[in-house]
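Q: Chain by chain, the residues run as shown.
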Amino acid sequence: MTVTVERGGRVTGKRDGAVRPRRARDPYVLFLLPGALAFLTVVVVPFLMNTGVSLTDWQGVGRPEWTGAANYRELMGDAEFWESFRHSLFMVVAMAALPTAIGLVLAAALFDHVGKHFGSRTAAVLRACFYLPQVLPVAVAGIVWSWILAPDDGSLNALLQAVGLGSWRQDWLGDPDLALWSVMGVMVWVQLGFPLVVFMAGLERVDPQLYEAAELDGAGWWRRFLHITLPQIRPETYVVLTWCTIAALKVFGAVYVLTKGGPGGATNVPSYFSFATFFEKTQVGYGAAICTVLTMIILALSLVGLRLQTRAEDAEEGLRT
Amino acid sequence: MKAVRALRRYPVLAALCLAALFMIVPFLIVAVNAVKSPAEYSRDGPLSLPDGLYLDGLRDFWERVDYSRKLLNSVLISGSVAVGAVVLSVLNAYAIGIGRIRGRTWILAFFVLADMLPQEALVYPVYYLSKQAGLYDTRLSVIIVFTVIQAAFGTYLLSSVLSRFPREIIEAARIDGAGTWQVLWRIVVPVSRPTLGVLLVFFFVWTWNEFLLPLVMLISNDNQTVSVALGVLQGQRLMDATMTDAAALLGVLPALVFFLVFQRTLTRGIAVGAVK
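So the sequence lines, in the order shown, correspond to chains A and B.
Residues in the first sequence are numbered consecutively from 1, following the numbering used here.
Residues in the second sequence are numbered consecutively from 322, following the numbering used here.
Treat the hints as calculated values from the structure; they're not laboratory data.
Remember, it's a predicted structure, so these values are computed and weren't measured experimentally.
Even for Gly, the Cβ is constructed at its ideal location relative to N, Cα and C.
Certain hints may be false.
Claimed, not checked - Here chain B is said to cover these stretches of chain A; the calculated rule only asks that three of the stretch's residues, wherever they fall, bring their Cβ under 8 Å from a Cβ of chain B:
(1) 40-46
(2) 82-88
(3) 100-114
(4) 131-142
(5) 165-174
(6) 257-271
(7) 275-287
Said to hold, decoys possible - Derived, one-sided and incomplete: chain B residues facing chain A with beta-carbon distance under 7 Å:
(8) Y331
(9) W506
(10) R507
(11) P511
Bound conformation, chain A alone (with noise of 0.2 Å):
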């Protein structure tokens, strides 16, 4: 139950080679009916609608006017488009890279030194403080915050003051210059408990001599860090890696509720920027656009991670046979 999902579907796939005789009526083909015909309604010809529309242009009643790659060639031109990326990145900064570094420090310190000296209980509460903000809405987590990093009276800025510090509050959410920092401090606070769990779990099945062995070397414990750890859980590293990337990519409840978008666009993202065109701006073509390119990356991002960590667990199991 412990090995990652892909390992499995591997295995499915090089069983594909297999030759089966073959009969004239599969019975289970009939188990994929309900499904097929499920996913055809609400995501192939979704999907398939999305794309034909993005190369159109239309305001979401009347006829769609076939305009071909227009939409595509705008977006390049487009500003807005560029920044809503380019916010991105900051996204997969705060969302994937960070949280993932942060993580595997902590799930190493926690595994090995609290598990070890104070009992797995007690990391098992320090685990589970971590991982809270996981099980949040995302909607809510942005509310908690936006009362937080409220100008006037919010708790950050009361903090602030309280310790001497009043010059340093800020607007923090309403500030051009600060908003993209301050929702990216929250997306770590809403993300970080993710790869922690994943980690310590892949910790679980570390060979524990290894660690004993580096010790009895006399490895301190960030070369144990380096040298073992880090290798041992490398392929959990790509799937954390992979998820979370991806995640920040989509990230968009959080940003509806914090800013919005704004303020004047600071803190604009893809998927923002998409449902505003679609449902405010109702430029229903130009918004397909946006979503296309958005799953473009994201598809080619996946392919990539799989690949990763197909090769990862590749290269461990050969090290273990």
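For this one, chain A is given, so just place chain B on it according to the hints.
A: Leaving out everything else, chain B in the frame of chain A:
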């Protein structure tokens, strides 16, 4: 030497506890302020301890947004999706993992891609089609869409679990004359119950937390989920500090309940699938 080493352990623990505290401080401060009256909040600010328990603010907010109704909607939608998506996943995975139908690698790849697909690329057509079908602004439309979306992940996970299902058990049942349906309901489902339980919990919590599609699909007050109702209120920027805080607390509480009830499943389940 030993004593020194033992002493050196505590700073690390202290640092970790401090970091953990930082993670939960937002929850604590939200809870503390939700029981202050507006007058007390504006006089003492958010950092003081409350004078007493003032629950009128929460009660007013509850009634104003008809929170019972929102909870009911969320439970209804998330519950139906969880059950529906598990059933759909089992059917798909049975054909792929145990039936090993032809082309299963490609079918599985399709479900993986469907799972990765950003909802943004589906949202407008789903909105448009549901209007055509007369399902716009109904809870049923959201239930249908999420049942399918969650089943993409479920199919992917269960297919790999079922592909390792002991074949002897199935062969034995087949020899005893059990049909494919009987094998599924009498053998595969009962044996896979722990995995199905994990999926059920995950689908419930994920659907509860969804925002974009419910925001687009559910516009009338009577149909909105907790997340959408609170998110829209916050987006309108009409709430004062005490109301925002009440909204935050009411949004946090159900999540806290799930967390306490399902904590083991959630943390274990994440390891199963390296989940979303």
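Q: Give a verdict on every hint.
A: Going down the list of hints, with the structure as the test:
1. 40-46: The restraint on the region 40-46 of chain A holds, since 5 of its residues have a Cβ under 8 Å from chain B and three suffice.
2. 82-88: violated (count 0)
3. 100-114: Result for this restraint: holds, n = 5.
4. 131-142: Our answer is that it holds, as 10 residues pass the Cβ test (under 8 Å) against chain B, meeting three.
5. 165-174: violated (count 0)
6. 257-271: holds (count 4)
7. 275-287: holds (count 5)
8. Y331: With a closest approach of 9 Å, the B/Y331 hint is violated.
9. W506: 12 Å, violated
10. R507: Since the shortest Cβ distance to chain A is 15 Å, the answer is violated.
11. P511: Because about 17 Å separates B/P511 from the closest Cβ in chain A, which is outside the 7 Å limit, the hint is violated.
When each numbered hint is compared with the structure, violations occur for hints 2, 5, 8, 9, 10, 11.
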